[in-house]
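Residue numbers (the working numbering), protein chains in the order written: chain A, -8 to 288; chain B, 781 to 970.
Any given hint could be a false lead.
To be verified - Reference listing, derived: stretches of chain A covered by chain B, where coverage requires no fewer than 3 residues with Cβ under 8 Å from a Cβ of chain B:
{"#": "1", "stretch": "5 to 18"}
{"#": "2", "stretch": "215 to 225"}
As the list claims (entries may be wrong) - Okay, the calculated beta carbon distance ranges per label pair:
{"#": "3", "chain 1": "B", "residue 1": "L918", "chain 2": "A", "residue 2": "D3", "range": "21 to 29 Å"}
{"#": "4", "chain 1": "A", "residue 1": "G30", "chain 2": "B", "residue 2": "L928", "range": "33 to 41 Å"}
{"#": "5", "chain 1": "B", "residue 1": "P846", "chain 2": "A", "residue 2": "Y60", "range": "47 to 55 Å"}
{"#": "6", "chain 1": "A", "residue 1": "P(-2)", "chain 2": "B", "residue 2": "L804", "range": "45 to 53 Å"}
{"#": "7", "chain 1": "B", "residue 1": "A926", "chain 2": "A", "residue 2": "R79", "range": "51 to 59 Å"}
{"#": "8", "chain 1": "B", "residue 1": "R947", "chain 2": "A", "residue 2": "L16", "range": "49 to 57 Å"}
{"#": "9", "chain 1": "B", "residue 1": "L804", "chain 2": "A", "residue 2": "A83", "range": "41 to 49 Å"}
{"#": "10", "chain 1": "B", "residue 1": "A948", "chain 2": "A", "residue 2": "L80", "range": "55 to 63 Å"}
{"#": "11", "chain 1": "B", "residue 1": "A955", "chain 2": "A", "residue 2": "L34", "range": "37 to 45 Å"}
{"#": "12", "chain 1": "A", "residue 1": "L36", "chain 2": "B", "residue 2": "L918", "range": "18 to 26 Å"}
{"#": "13", "chain 1": "B", "residue 1": "P944", "chain 2": "A", "residue 2": "G30", "range": "55 to 63 Å"}
{"#": "14", "chain 1": "B", "residue 1": "L918", "chain 2": "A", "residue 2": "A7", "range": "32 to 40 Å"}
Stated by the list, open to error - Taking beta-carbon pairs under 8 Å as the criterion, some of the chain B residues facing chain A (in silico):
{"#": "15", "residue": "L807"}
{"#": "16", "residue": "R809"}
{"#": "17", "residue": "G854"}
{"#": "18", "residue": "L858"}
No lab work stands behind these hints: they were computed from the structure.
Quick caveat: nothing in here was measured; it's all calculated off a predicted structure.
Think of the CB as a built atom: it goes at the ideal place given N, C-alpha and C, for glycine as much as any other residue.
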Amino acid sequence: MSTLMLPRRWRDLVLALLLLGLPVLLLRAQLREPGDLNGFDRLLLRAASPLERAVTGAAAGAQRWWHRYFLLVHVERENEALRAERGRLHFALQQARRQLRLAARYERLLAFRQRRGLETVSARVIGRPPSPFVRALRLFVDRGGELLRRGMPVVTDEGVVGRVGRVFGDYAEVMLLVDPKSAVDVVFSRSRARGLLRGAEGTDRYLCRLDYVLRREAVRVGDWVVTSGAGGLFPEALVVGQVSRVGPDEGGLYREVDVRPAVDFGQLKEVLVIAAPPPAPVGGGTPEVLPARGLAP
Amino acid sequence: MTRVLLLWAVGFLLLTVLSPLLRLLGLTRVSCDVATLVVLHVSLSAVPVAAARGGTVSRGGGWFEPAGIAVTVGIGYLADVLAGTPAGLQGLVMAAVYLFGRGLARKLYLGGALSYAIVGGAAALYAGLVGTLVRSLLWRTPPSGAWLLVLVAQALLTAAAAAPLLRALAWLDHALAGRNALPGARQSLR
């Protein structure tokens, strides 16, 4: 048993010396002569370096991917926020542009009213009657709705729109110039020839026909037609439209003349109602159809 | 011998890849003491039969096991070469860790992640203190309070890594014992 124990002790002693003595010897040698690396050390470092480089590269790649992932998540959130912000700004811009256009229109209307010295009530166009047989607009009057009366002229800075038809509270209907029941006494601004402007029957909803234009009058396409002021309904010299067609001379007393209104009824947003007393009906006829004084056949 | 070579290779690999991995995690001042964990593993599982059981820790055995000594000396040397410390410094520290581990293994039967973490952290702190003591004695540089904090942080990091790493090393031992059919291991695996 003792023979067996002795080698064990010796073995432990050798191993303890190896465990503790070898590092001490190495350290002592290193401290005495801190020299360069030996061949084995170089081999170890040479083997470790590419491995470390590969791990560093892989780690850097993983880090980049990770950061990019978070960056993308961040970018996506930012993108959503920016998109929402863009939507809000776009809406605000549209509102601002709309306000700008509205202000410009009101400015023009105001200038028109001041230039003409008219007493007017401003109104907003809110729609059109659903029937295709009626060429009219619906108006909403913010203030002064009680002043509206049937037959009052409706104008813009571009020209004549028509006349007030039915009035209901702050709402009213405008019978447009192009309605067949409408009739306005007009003159040609160039030749001062007179005529009676009516809405044209037919498919073109925004065309007028000029009646009672004498054949001898020199009427040309492009001539401007303005209100004559006769009858006291429309003030004088309001632009009505432009001659778009002059009928052939067929030997009669009158010529056929088509007029395209100056106002684009499809684009109307605001109008002015001239708050003048409407004309009294003449001869029990409809108040909308005014007699063309001096032009009757 | 195969086990010794394998553990050297594992130690070499861990020491090599540790630095970039820690840098990836943003840890530059504090390091995980993997060399200590490898030596702790061999000191705790010096008896191959116990390693082959799948547990890292055995109870009993002598103070000095040839394979454990070989792994410890080799790991200490590798640590010195790769870290750039004077040759023998880490060897001495690892020897102290080996004796620490053997002392524990002779008295206690350890198992479970928490005990691995505690033992790993304690071994890392012990290794840090021994290293600091040796450096202080040799270069007469007293350690600062900040350095001691670094040692504590390193111990905590090592404790966190102890359980998975010791388990992985135990798994390696187990696989090796099964494949190489060590007499003791084979017997235990039956």
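Right, here's what the structure says about each hint:
Evaluation of the coverage hint for the stretch 5 to 18 of chain A: fulfilled, as 11 residues show C-beta separations to chain B shorter than 8 Å, against a requirement of three. With 0 residues bearing a CB less than 8 Å from a CB of chain B, the stretch 215 to 225 of chain A misses the requirement of three and the coverage assertion fails. Here the CB-CB span from L918 (chain B) to D3 (chain A) is close to 27 Å, well matched to the stated 21 to 29 Å. Distance hint check for G30 (chain A) and L928 (chain B): the Cβ-Cβ separation is about 38 Å, which falls inside the suggested range of 33 to 41 Å.
At roughly 49 Å, the beta-carbon separation of P846 (chain B) and Y60 (chain A) lies within the given 47 to 55 Å, and the hint holds. Take P(-2) (chain A) and L804 (chain B): their Cβ atoms lie about 50 Å apart, and the range 45 to 53 Å holds. The hint said 51 to 59 Å for the Cβ distance between A926 (chain B) and R79 (chain A), and at roughly 52 Å that hint holds. Taken as a hint, the range 49 to 57 Å is violated for the pair R947 (chain B) and L16 (chain A), whose Cβ atoms sit roughly 35 Å apart.
Here the CB-CB span from L804 (chain B) to A83 (chain A) is close to 46 Å, well matched to the stated 41 to 49 Å. For the pair A948 (chain B) and L80 (chain A), the supplied restraint of 55 to 63 Å holds, since their beta-carbon distance comes to about 57 Å. Checked against the given bound of 37 to 45 Å, the beta carbons of A955 (chain B) and L34 (chain A), roughly 28 Å apart, lie outside it. With their beta carbons about 23 Å apart, L36 (chain A) and L918 (chain B) fall inside the hinted range of 18 to 26 Å.
Look at P944 (chain B) against G30 (chain A): about 36 Å separates their beta carbons, and that is not inside 55 to 63 Å. A hinted range of 32 to 40 Å is violated for the C-beta pair L918 (chain B) and A7 (chain A), which are about 21 Å apart. Given hint, L807 (chain B) at the interface with chain A, is violated; its Cβ is 12 Å from that chain's nearest Cβ, farther than 8 Å. Annotation: interface hint on R809 (chain B) violated; nearest CB of chain A at approximately 18 Å, more than 8 Å.
Taken as an interface hint, G854 (chain B) does not check out: its beta carbon lies about 10 Å from the nearest beta carbon of chain A, beyond 8 Å. Contact between L858 (chain B) and chain A, as hinted, is supported at the beta carbon level, the nearest pair being about 7 Å apart and thus within 8 Å.
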